[in-house]
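Visitor: Dock chain B against chain A, hints included.
2 protein chains.
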Amino acid sequence: MTKLLRSWVESANAPQTDFPLNNLPYGAFRFAGGPLHCGVAIGEMILDVTRLEADGKLSLPAGTFASGIWNDFMDLGPKAWADFRTFLTEALAEGSPRQAEFEPYLVESGKVCMEMPFRVSEYTDFYAGRHHAFNVGTMFRGPENALPPNWLHIPIGYNGRASSVVISGTDIRRPWGQLKGPDMEAPIFAPSRRFDLELEMGAIVGRSSSGPVSVQQADDMIFGYVLLNDWSARDIQAWEYQPLGPFQAKATATSISPWIVTQAALGPFRTSTPAREKELLPYLREPGPMLYDIDLEVGLAPEGKPETILSRTNYNEMYYSAAQQLAHHTTSGCPMRVGDLLGSGTISGPEKANRGSLLELSWGGKEPLTLDTGETRSFLEDGDTLTLRGAAIGDGYRIGFGSCSGKILAATETPYG
Amino acid sequence: MTKLLRSWVESANAPQTDFPLNNLPYGAFRFAGGPLHCGVAIGEMILDVTRLEADGKLSLPAGTFASGIWNDFMDLGPKAWADFRTFLTEALAEGSPRQAEFEPYLVESGKVCMEMPFRVSEYTDFYAGRHHAFNVGTMFRGPENALPPNWLHIPIGYNGRASSVVISGTDIRRPWGQLKGPDMEAPIFAPSRRFDLELEMGAIVGRSSSGPVSVQQADDMIFGYVLLNDWSARDIQAWEYQPLGPFQAKATATSISPWIVTQAALGPFRTSTPAREKELLPYLREPGPMLYDIDLEVGLAPEGKPETILSRTNYNEMYYSAAQQLAHHTTSGCPMRVGDLLGSGTISGPEKANRGSLLELSWGGKEPLTLDTGETRSFLEDGDTLTLRGAAIGDGYRIGFGSCSGKILAATETPYG
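Listed in order, the protein sequences are those of chains A and B.
In terms of my numbering, the first sequence opens at residue 1 and continues consecutively.
In terms of my numbering, the second sequence opens at residue 1 and continues consecutively.
Just to be clear, a hint being listed does not mean it is correct.
Since copy identity is lost for identical chains, a pair holds within one copy or between any two.
Unchecked claim - When the alpha-carbon atoms are kept at most 20 Å apart in a straight line, the in silico EDC-like pairs for lysine to aspartate or glutamate are as follows:
hint, residue 1, residue 2
1, Lys278, Asp171
2, Lys79, Glu94
3, Lys3, Asp295
4, Lys278, Glu185
5, Lys366, Glu413
6, Lys180, Glu307
7, Lys57, Glu367
8, Lys278, Glu413
9, Lys352, Glu297
10, Lys180, Glu279
11, Lys305, Glu144
12, Lys57, Asp183
13, Lys352, Glu303
14, Lys366, Glu10
15, Lys278, Asp183
16, Lys366, Asp395
17, Lys180, Glu90
18, Lys3, Asp293
19, Lys366, Glu101
20, Lys79, Asp220
Note that these hints are calculated values from the structure, not bench results.
Since this is a predicted model, take the numbers as computed values, not measurements.
Okay, chain A solo, but in the shape it has when bound:
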């Protein structure tokens, strides 16, 4: 197991930092009112690579970081990804001769706003957590029909809405929608009453493809990972989702954490998917460990009150890896593009304390949760702030994702308010 790599940026050597030299995640930041810059997190600082490039200190194609987001860099491909990581690792290492040259390009992370680190080309969300699928299936269709017949054969997914992906910190407005409860005679148009979170990981596609790709090729196409909260209106979903899947229930917003943690940084934490209950078709079999051991948690803080941790789980609970999902995604010849985002599906573990959605935690609202503040929750209330956190835990260091948060605002008074 790799050890902590020490940096001349002192805060990067603290045992609890999310951003040691081993990590080097990629984000986009701005000073209030200023233009976007590409940045690399190191301890409590951000290395401004857009300014480094402008000053001629990087050997990448001109303008790679000019847009302030990472799509153009991704487009350079895996060799450039690896070379740049090596360059950064050496430049920021304790004892590097570049310290004096690079120090002026560090900005304090507390003084800037983080923005979307890449332009989302298209967004696909999967349903690839065994425990989540069983829990939700049981609630919607009963335990005997919980797992659809295709579930153990296909990483089930649906296309989501890229335009609705937002950066952590963006407020989330409770949606209006068409609903029909089981006791209603006709549907109504009203604000969602069963608005929920989904704790997920997002995989970012860094290479384009124009035909089917193997699981190994798919793994090579993945640039990095973020935390992802797929906000979900359960009452809208229940009424709309047959026969063509969730649509408006999932289109209000999907929040992601601001730092893209690269696949390279996560290398020491690779792990295999759980044992197969049915053998997969050859095109979906993993040639090696392509899932990751990443501790995850989600907390809920009511307006002005302390946070309660709702759930702790791990990315290694997924039945299908992002590489398997991506390989399946291309089987039809579906072209993939740089900046495509794949949501893992909700990551629930085997126990109640490991469930990644309120739908599961409150069992469809039948067993409201009691928060540390004494309040109860079946679904989200206005003013609640939800925060996902995640980290791969190494020997004396952590590859952290930072956090992914969003606060629920009340619905507008009228739909067109």
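Guide: Only chain B this time, still in chain A's reference frame:
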């Protein structure tokens, strides 16, 4: 009813042209190997507006047509759309003083290649044809459950894959996919055996929005329409679509016709949606006629053989208009963007001769069609060329869409071939 507007471009006055002065649809073309140009179809000619702009002959923001596609123009908004249409109509009218000035900017449509006229931001496909929904529902779930309970209340839709949208003329490779017929014990990975077309219209969103919009606002946001063929692998769809909807079955390709027929050109052909079987919620009610009377047909030509018309139908068969679909699409707060494409859903009419897919025409393969050549078809065969055509029929003129065609190529021998 408007009459034919005469143009100094003689071929635009022929009664059977798709592109009289009344139409003026927008496309993107190139000479072999050359850059993209924005063009306007007029009879058998194309007016090169990218070159007109480069020569300073247009009063639009500099560079509007520099990309050779229409997204930047759409982004200028409805006043610019109307002004430019008025300008073109006057410049190309019989007797216009601009004839000598504009003649050098006409290119023969037969000498150029048509390309995608706009960059598709995201693609949504609906399921909004009453006859199609009933036919397919009957086959999949039996006549008593044919129409899902939500169908008469919601324009049911799902997010498709923008990266798979291609221009008419692009060959369509038969996809591989995971299939499981009702008689198979386990799924297999194989080329689709039930590959199909879907005759649809596509509506192009020309204005962005960031919250719910009314049906009237939605109608105002629609820039124009194209013919759309949503290629569909029925065997992949049948196995994958529960519970989250079609995914790889619809991701191989979606073909569109090259000319964007503007909403303005279609104005004289507005018509109301059919009578409601259940009253819609107020947010979905039409404030006026927002559907269009457009004759549609689809033909199939086996390799090297003449074409058989499979079906004739009309866009006015849709139960929901594109404006209603778009309004519903925004209810959750889902942001819409310039270049979003909405597929109408398959447009089948009441009779067998009006069905817009082979699934319906051959009743799931149980009643193969006999072509004029004597061959039969349940689903598409390799080498088949499918062609959609459409036109709104005026008094002595037609607002034509041109055609939308694609030829089926055999699947690759191995999935990764």
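Visitor: All hints are to be evaluated individually against the structure, with a verdict given for each.
Guide: We went through each hint and held it up to the structure:
Taking identical chains as interchangeable, the C-alpha atoms of Lys278 and Asp171 are never at most 20 Å apart, the minima being 42 Å within one chain and 37 Å between chains. For the identical chains of this complex, Lys79 and Glu94 are neighbours neither inside a copy (25 Å) nor across copies (60 Å), given an alpha-carbon limit of 20 Å. In the homo-oligomer, the alpha carbons of Lys3 and Asp295 lie at most 20 Å apart inside one protomer (18 Å), although the nearest pairing across protomers, at 69 Å, exceeds that limit. For a Cα distance limit of 20 Å, the shortest separation of Lys278 from Glu185 across copies, 13 Å, qualifies, whereas the shortest one inside one copy, 42 Å, does not.
In this assembly of identical chains, the alpha carbons of Lys366 and Glu413 never lie at most 20 Å apart, being 28 Å within a copy and 53 Å across copies at closest. For the homomeric pair Lys180 and Glu307, neither the shortest alpha-carbon distance inside one copy (32 Å) nor that between copies (47 Å) is at most 20 Å. Proximity of Lys57 to Glu367 under the C-alpha cut-off of 20 Å is found in neither arrangement, the shortest distances being 58 Å within a copy and 69 Å between copies. In this homomeric assembly, Lys278 and Glu413 never come within 20 Å of each other (Cα to Cα): the closest approach is 50 Å inside a single copy and 27 Å across copies.
For a Cα distance limit of 20 Å, the shortest separation of Lys352 from Glu297 inside one copy, 13 Å, qualifies, whereas the shortest one across copies, 56 Å, does not. In the homo-oligomer, the alpha carbons of Lys180 and Glu279 lie at most 20 Å apart only across protomers (15 Å), although the nearest pairing inside one protomer, at 39 Å, exceeds that limit. For the homomeric pair Lys305 and Glu144, neither the shortest alpha-carbon distance inside one copy (41 Å) nor that between copies (52 Å) is at most 20 Å. Within a single copy, Lys57 and Asp183 get their C-alpha atoms no closer than 66 Å, and across copies no closer than 64 Å, so neither meets the 20 Å cut-off.
Taking identical chains as interchangeable, the C-alpha atoms of Lys352 and Glu303 are never at most 20 Å apart, the minima being 25 Å within one chain and 59 Å between chains. Taking the shortest alpha-carbon separations for Lys366 and Glu10, neither the intra-copy value of 49 Å nor the inter-copy value of 73 Å comes in at or below 20 Å. Taking the shortest Cα distances, Lys278 and Asp183 sit within 20 Å of each other only across copies (19 Å), while inside one copy they are farther apart (39 Å). When the C-alpha separation of Lys366 and Asp395 is checked against a cutoff of 20 Å, the pair qualifies neither within a copy, at 42 Å, nor between copies, at 63 Å.
Neither within a single protomer nor between protomers do Lys180 and Glu90 lie at most 20 Å apart by alpha-carbon distance, with minima of 59 Å and 52 Å respectively. Taking the shortest Cα distances, Lys3 and Asp293 sit within 20 Å of each other inside one copy (16 Å), while across copies they are farther apart (70 Å). With identical chains, the CA atoms of Lys366 and Glu101 are never at most 20 Å apart, being 60 Å at best within one copy and 74 Å at best between copies. Within a single copy, Lys79 and Asp220 get their C-alpha atoms as close as 11 Å, which meets the 20 Å cut-off; across copies the closest is 47 Å, which misses it.
Of the numbered hints listed earlier, those contradicted by the structure are 1, 2, 5, 6, 7, 8, 11, 12, 13, 14, 16, 17, 19.
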